[in-house]
Amino acid sequence: MLGFLKKPVVVTAEINVNLVALTVMGLISRLWGLCYPRAVVFDEVYYGQFVSLYMKRIFFVDDSGPPFGHMLLALGGCIGGFDGNFLWNRIGAEYSVNVPVWSLRLLPALAGALCVPLAYQILVELHFSHCAALGAALLILLENSLITQSRFMLLESILIFFILLAVLSYLKFYNLQKHSAFSGSWWFWLLLTGVACSCAVGVKYMGLFTYMLLLAMAGLHFWHMIGDQNLSNVSLLCHFLARGLALIIIPMGMYLSFFYVHLALLYRSGPHDQIMTSAFQASLEGGLARITQGQPLEVAYGSQITLRNVLGKPMQCWLHSHTNTYPIRYENGRGSSHQQQVTCYPFKDVNNWWIVKDPGMQQLVVSNPPRPVRHGHIVQLVHGITTRYLNTHDVAAPLSPHSQEVSCYIDYNISMPAQNLWRVEIVNRESDTDVWKTILSEVRFVHVNTSAVLKAIILFFQLSGASLPEWGYRQLEVVGEKLSKGYHQSMVWNVEEHRYGKSQEQKEREVELHSPTQMDISKNLSFMAKFTELQWKILTLKNEDTEHKYSSSALDWITMDTNIAYWLHPTSGAQIHLLGNVATWTSANAAALVYLCLSLWYLLRRRRRIYDIPEDAWQLWVSAGAVCGGGWAVNYLPFFLMEKTLFLYHYLPALTFQILLIPVVLQHLGNHLCRSVLLKSMFRALIVAWLSSVYFVYCTFSPVTYGQPALSLTELKALRWKDTWNILIRKQ
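Number 44 in the UniProt record's numbering belongs to position 44 of the sequence shown; there are no gaps in the numbering.
Quick caveat, the hints were computed from the structure, so don't treat them as lab data.
All the pointers check out, no bait thrown in.
In silico DMTMM-like cross-links for lysine to aspartate or glutamate, where the CA-CA straight-line distance does not exceed 20 Å:
(1) Lys-537 - Asp-63
(2) Lys-549 - Asp-43
(3) Lys-549 - Glu-643
(4) Lys-482 - Asp-394
(5) Lys-172 - Glu-14
(6) Lys-722 - Asp-561
(7) Lys-644 - Asp-43
As the structure is a computational prediction, the values presented were derived from the model and not from experiment.
Using the sequences plus the hints, can you model the full thing?
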């Protein structure tokens with residue numbers, strides 16, 4: 001029984017020395033001197049704010065993309081014991097002793113280092129030689145821009161890592177397809193493809209480009225499988241379901257999980273939650289939740305409420321009125337009703353309170369039991385402080401003459417009777433008998449007499465353009481808008497603060513309006529409701545794009561006509577720039593051009609039934625082009641369609657794929673165009689000389705890649721190889 005103990009247990013393993021050596025060199029190049037400089041470097045000032053908010057569990061919204069990348073950076077802070085206490089307000093600011101600089105920069109550096117062996121393995125899986133794969137890895141290793149971007153608390157290196165991991169995983173899965181379908185390793189690499197794709201998208205939406213490329217490749221490969229008569233219908237169905245599960249269902253599930261963890265971590269109210277709906281704000285600890293906790297859920301006749309406009313951007317505002325009236329005549333000569341002003345006010349104020357009144361009764365208190373207001377009910381809205389009724393009529397609004405003026409009615413004893421009946425329409429109702437609910441219900445108020453809808457005029461591009469003049473205290477205009485002009489979120493309101501009115505006398509009611517509510521009803525949102533709202537905000541909430549000193553166009557990237565100064569030492573000439581290896585960038589452009597020209601030549605010749613290269617070499621050429629050339633195209637060309645501020649680092653994912661194309665082209669030229677021994681020897685000598693030039697450029701620019709040693713004025717000027725590069729030179 002114990003006979004196996006008579007012999008020693010032997011474990012054998014194959015070790016790829018090339019892979020180990022490349023990994024070690026990648027780690028050294030990215031981790032060496034990682035704490036230097038101990039100061040905020042470029043976009044660390046941006047991402048560091050989110051890391052601090054994670055440490056303090058404070059909710060935030062970042063319109064640049066999903067939260068997974070931010071959570072990874074925060075994980076680095078958590079590993080280092082960061083408490084979140086640092087003011088991220090200035091590039092170049094020295095880090096305080098409580099900031100674990102090394103751990104904050106660790107994960108991006110590790111991701112950048114692992115891109116080196118990934119590049120090697122991708123070329124091997126594409127069935128290129130180990131020399132070509134080694135060349136690709138060395139080019140990634142010596143690329144100055146990739147080194148710079150991976151040594152700081154930034155997301156591009158993490159994005160590139162997951163992109164390359166997804167490509168490698170799919171290639172391994174595809175290569176196992178013919179001989180090991182549905183084996184353990186087959187499933188592993190297929191599932192890892194989906195996981196890596198979801199992680200790439202979760203870091204930045206730029207990851208979608210490579211994800212779409214891999215989905216297209218998977219679709220094309222499956223299309224070819226359909227034509228394989230050796231595969232049964234059941235087998236094809238299993239293949240289809242496996243790919244659907246691994247490449248669509250699992251990535252979608254993981255994407256949702258990123259937001260689930262994000263929302264679970266950030267449960268406290270903060271400065272960003274004002275752009276969210278009242279329901280979302282009330283679900284956070286502190287902030288609005290402290291005000292709304294314990295409010296009655298159902299709005300009833302006699303309820304005292306504040307009405308917040310659902311749009312919430314560029315700023316939140318509440319339906320408001322005050323004793324001042326519209327001027328008899330405006331500056332342009334048009335007349336007004338001279339009624340009491342109604343506005344949308346961006347601050348909490350006692351004049352934001354309104355009372356929901358039953359038109360058939362005089363009382364302004366909630367009956368016992370309360371009579372809830374439902375979808376389709378007719379109500380009057382009475383201003384709590386002035387007791388005047390919300391009204392609109394066929395008079396032009398002050399700033400929007402094609403819309404109706406909204407006011408609180410004053411009886412001047414003239415031929416302008418009150419028109420103060422409003423129909424409550426619950427936009428997000430589940431049935432036509434739904435009750436109007438605090439925070440949860442999004443309602444529209446339709447004027448009974450004119451069918452106009454109560455609307456706040458909020459302009460995205462110029463907030464002041466929607467503000468009333470001095471007589472209106474620069475508050476936002478509220479109008480009655482015809483439904484025929486279309487639906488807009490600015491027509492929708494929700495009850496934010498709510499209490500059941502108990503006092504019929506005006507003086508007692510004014511005291512009541514200042515008192516907190518005591519009833520206790522929970523209004524927690526489901527995760528899917530939170531996710532849907534947050535996802536919509538990320539996709540639609542865009543900061544105003546402004547021209548940045550280091551912004552550039554997509555055309556500038558190919559020839560590297562631009563750079564970015566990341567950091568400058570306060571006293572010496574030491575500085576860090578995002579600058580690429582000129583030899584590599586030029587070679588990548590040349591390789592892409594050669595690949596395109598050769599492909600067109602081969603296609604034309606093959607059309608004439610002339611085959612210059614063997615069929616297996618042609619298939620190898622096409623597959624490498626689909627991965628490397630396709631990866632470059634999908635990660636670069638979309639930027640020509642984007643209306644956003646662009647920077648050089650946006651090109652790095654595309655550049656990585658273009659670099660992988662260089663050894664592909666070189667091996668092809670060496671195998672199929674250099675036919676004689678002499679030509680092959682000369683070609684190898686040229687490659688060695690070219691690699692030496694790549695290493696020379698890397699060494700030349702390493703002082704501005706790593707920030708040390710500090711260079712003299714003459715040395716800095718010598719690095720300005722292009723007039724468009726902004727090398728920082730201090731005035732003497």
